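K.L.:
In case you want the letters, here they are:
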Amino acid sequence: MNIKNNISNLQHSNLSEQSQYLSGTSRNDLLVVENLSVSFIQYQSGMKQRNLEVICDLNVNVRSGEVVAIVGSSGSGKSLLAHAILGILPSNAKVSGTMIYNGQALTGERQKAIRGSEISLIPQSVNYLDPLMKVGEQVQNTIKTKDAKVRQQQIFQRYQLSKAAGILYPFQLSGGMARRVLVATAVSGGAKLIIADEPTPGLHPEVVAETLSHLKELADQGCGVLMITHDIEAAMKIADRIAVFYAGTTVEVAPIEDFTNTGEALRHPYTKALWKALPENDFTPIPGFQPTPADLPSGCLFEPRCQLRTAACGAGKPEMAELRGGQVRCIHAT
Amino acid sequence: MNSAKYVLGKALRMISLLIALCLVSFILVKNSPIDPVQAYIGADMMRVSEEQRELIAENWGLDKPPIEQFFSWAGAIVQGDFGTSMIYREPVIEVIGQRFAASLALMGVAWVLSGIFGFLMGIIAGMNRGKLIDRAIKWYCLTLAATPTFWLGLILLIIFAVWLGWFPIGMGVPVGVLSEHVSISEKLYHLILPALTLSIVGVANIALHTRQKLLDVLESDYVLFARANGESGLGLVWQHGVRNIALPAVTLQFASFSELFGGSVLAEQVFSYPGLGQATVSAGLRGDVPLLLGIVLISAIFVFSGNLIGDIICSVVDPRIKEDRSSV
Ligand code: SF4
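Chains A and B, in that order, are what the protein sequence lines are. If you count the first sequence from 1, position 87 lands on 87 in this note's numbering, and the numbers rise without skipping. If you count the second sequence from 1, position 227 lands on 227 in this note's numbering, and the numbers rise without skipping.
In case anyone wonders, no lab produced these hints; they're calculated from the structure. Heads up, none of these hints are tricks.
Pairs of lysine-lysine, BS3-like flavour, derived with a Cα cap of 25 Å: (1) A/Lys192 <-> A/Lys146; (2) A/Lys149 <-> A/Lys134; (3) A/Lys134 <-> A/Lys144; (4) A/Lys94 <-> B/Lys131; (5) A/Lys112 <-> B/Lys131; (6) A/Lys163 <-> A/Lys144; (7) A/Lys163 <-> A/Lys134; (8) B/Lys131 <-> A/Lys48; (9) A/Lys144 <-> A/Lys192.
Footprint (simulated), chain B over chain A, 3 or more residues, beta carbon under 8 Å: (10) 115–123; (11) 130–143.
The structure presented is a predicted model; accordingly, all values stated were derived computationally and were not measured. C-beta atoms are modelled at their ideal positions from N, C-alpha and C, and glycine is treated no differently.
With the hints as extra help, turn the sequences into a complete structure.
P.N.:
Here it is as C-alpha cells:
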C-alpha cells in the first residue's frame with residue numbers, strides 16, 4: 001500500500017517536470033526510469049531509525065527491440081530495481097522517482113494491472129517456482145486466457161520442452177530445463193517488457209549461450225529486454241547498451257560498441273576500470289571496495305577509489321549528463 | 001524395495017522404543033512406593049494376615065529378583081497377556097479396549113475440530129499480519145497455550161452445564177440408564193463439552209504454526225515471482241500458500257497425539273468421562289500396576305502411530321520426499 005501511494009504521489013508531483021527529465025531519451029522508449037531511489041527504514045538500537053538508501057537516483061531507459069544490460073557486482077541491490085519496476089518490493093520499502101512505461105506514468109495500480117502480462121520477470125533461479133506445483137501448471141497460472149493449457153504447451157514446444165516436462169516439479173528440472181521453464185513462464189503472458197534478473201548465474205557455458213540467445217530472440221521480436229547481471233561478458237554478447245551500476249546508482253550508460261580496445265571510448269573511470277579488470281584485457285583489479293548503502297561517500301560515489309579525483313569530486317554527487325551518445329555521472333568525463 | 005526398507009526401519013524404531021519404555025516403566029513402578037499386594041487387597045488390609053500377604057507375594061513371584069520379574073512380565077506382554085486389572089477385576093486388555101473406544105471418539109472429534117479451526121485461524125492471522133485480527137488470534141493462542149485443560153474444562157462445565165444447563169454435568173452416558181439403552185445421540189450429547197474443551201486448547205498450536213508457515217511462504221521467492229506474474233490476494237494464498245502449508249500442518253496435527261492424549265486425561269477427569277484418561281488416573285492413584293503399565297504401552301503405540309502416519313502422509317504426498325526415498 002505504502003509503496004503504491006508513494007509512487008503515485010511522486011509521479012503526480014513530477015509529471016510537470018517530465019519533459020525536462022526526459023530530454024535525453026527518445027520517444028520510442030518503452031520504459032524510462034528517472035532518479036529512482038529505493039530505501040528501507042532500519043531500526044537501530046533504542047528508538048533510532050535511519051533510512052538506508054539501497055538504490056539512489058538511478059536512471060535507465062529501455063526501447064522496444066533492444067537489450068539493455070544493467071551490470072554491477074553481486075549483492076549490490078540490483079534485483080531491487082526489478083522489483084521496483086514490477087511494484088513487488090516489500091512493504092517497508094520506500095520508493096521515489098519517476099517511472100514511465102509506454103508513455104504513461106507507471107503507478108502502483110498500473111503495475112498491479114500489467115505485471116505478469118505486459119511486464120514480466122525472468123527470475124534468478126528455480127527457487128522462484130512453487131516447489132509443490134507442477135511447472136506446466138505454473139506456466140498456465142500466468143496465462144490469463146481460457147486456452148491456458150494449449151498456450152502453455154505451445155510455449156513449451158517453442159522452448160524445446162517436452163510435454164512430459166510440464167508434469168515435473170521444479171526440483172526435478174535440470175539446470176538447462178529450469179532456465180527454459182523460467183523463460184517460458186515469463187513470456188507466456190505475452191510481455192512487451194521483459195526483466196531478466198541475473199539470468200546466467202553459475203550455469204554451463206552452453207546453457208548460458210542458450211539463455212542469452214532466448215533473450216536476444218525476444219528483443220528481435222520487438223520486446224524490450226532489461227537484463228540485470230553481474231556478468232559483463234554475458235551482457236556484452238547480447239546487449240545493445242550497458243548501464244553500469246555502482247553503489248546503488250547508474251554511473252554510465254554506454255552503447256555496446258564503446259566496450260572495445262582499451263576502453264578509451266568509455267566515459268566513467270569505474271567503467272574503464274571494470275573493462276580493464278576483465279581477464280582478456282589487462283586483468284588489473286580495481287583497488288578498494290564498493291561502499292555499502294550504510295556509509296556512502298558524500299560526493300561522487302566512486303571518489304574513494306578514483307584515480308582521477310580532484311577536490312571538486314567530493315563536493316557533491318555528479319548529475320547524470322549526456323556525453324557522446326551515452327550518459328555519465330562524472331564531472332571530469334570527456 | 002525402498003518402501004519396505006522404510007517400513008522396516010520404522011518398525012525397528014518402534015520396537016526398540018517399546019522395549020526401552022517397558023524397562024523404564026518397570027523400574028519406575030518397582031521403585032515406587034506402591035505395594036502391589038496392598039493395592040490388591042485394598043480396604044480388606046486389616047483382615048488379611050502377614051502370612052497371607054506373603055503367600056500372595058510368593059504366588060506373584062514378588063520374592064524373585066527384579067530381573068527375573070521383568071522378564072516374566074515382559075514375556076507375558078509379548079504374548080499379549082497384559083495381566084488383570086486390580087480395580088476393575090477384568091483383563092487389562094479388555095479394560096483398555098472399552099475405554100479406548102470412548103476416548104477415541106472424544107479425541108477424534110477434538111482432533112478434527114482443532115485441526116480445521118486452527119488451520120483456518122492460522123491462515124487468517126498470517127494473511128492479516130500485524131492487523132487487529134492477527135493480534136487477536138495470536139493473543140488467543142498464546143493465552144490458551146498457557147491455560148491448563150482441567151481449568152478450562154471446569155469453566156465450561158460451570159457455564160454451560162451448571163449455569164445454563166445446556167449440557168450434562170459429566171459422565172459418558174445418562175445416569176440410571178442401562179448401557180444397551182443408551183442412544184448414539186445421548187453419547188454425542190455427553191461428548192460435546194469435553195470435546196470442546198480439548199479443541200479450544202488444541203487450536204493454539206496448529207494456528208500459531210500455520211500462521212508462521214504462511215508468513216514464511218509469503219516471504220518466499222516463489223510468492224514474489226507469483227506476484228510478479230500478477231497473482232494476488234486470496235488466489236495467491238490458495239494457490240501457493242495452502243499448498244505449501246497444508247502438509248506440515250497435517251504432520252504437526254498427527255504429531256500432536258501426545259498432547260491430545262495428555263489433554264484427554266485431564267478433560268476426562270473433569271467431566272468424569274469414562275475414557276482411557278480417567279482409567280489412567282484411577283490406575284495411578286489406586287496402584288493398579290498392570291493397568292497402568294498396559295496404558296503406558298498402549299498410549300506409546302498410539303502416539304508413535306500418530307507420528308508415523310504424519311511421516312507417511314508427508315512422504316506420499318510431498319513429491320520431493322517421495323523422490324528422496326526412491327533415489328536412495
Ligand atoms: S567525479 Fe571525480 S571521483 Fe567521481 S568518477 Fe569522476 S573523476 Fe572520479
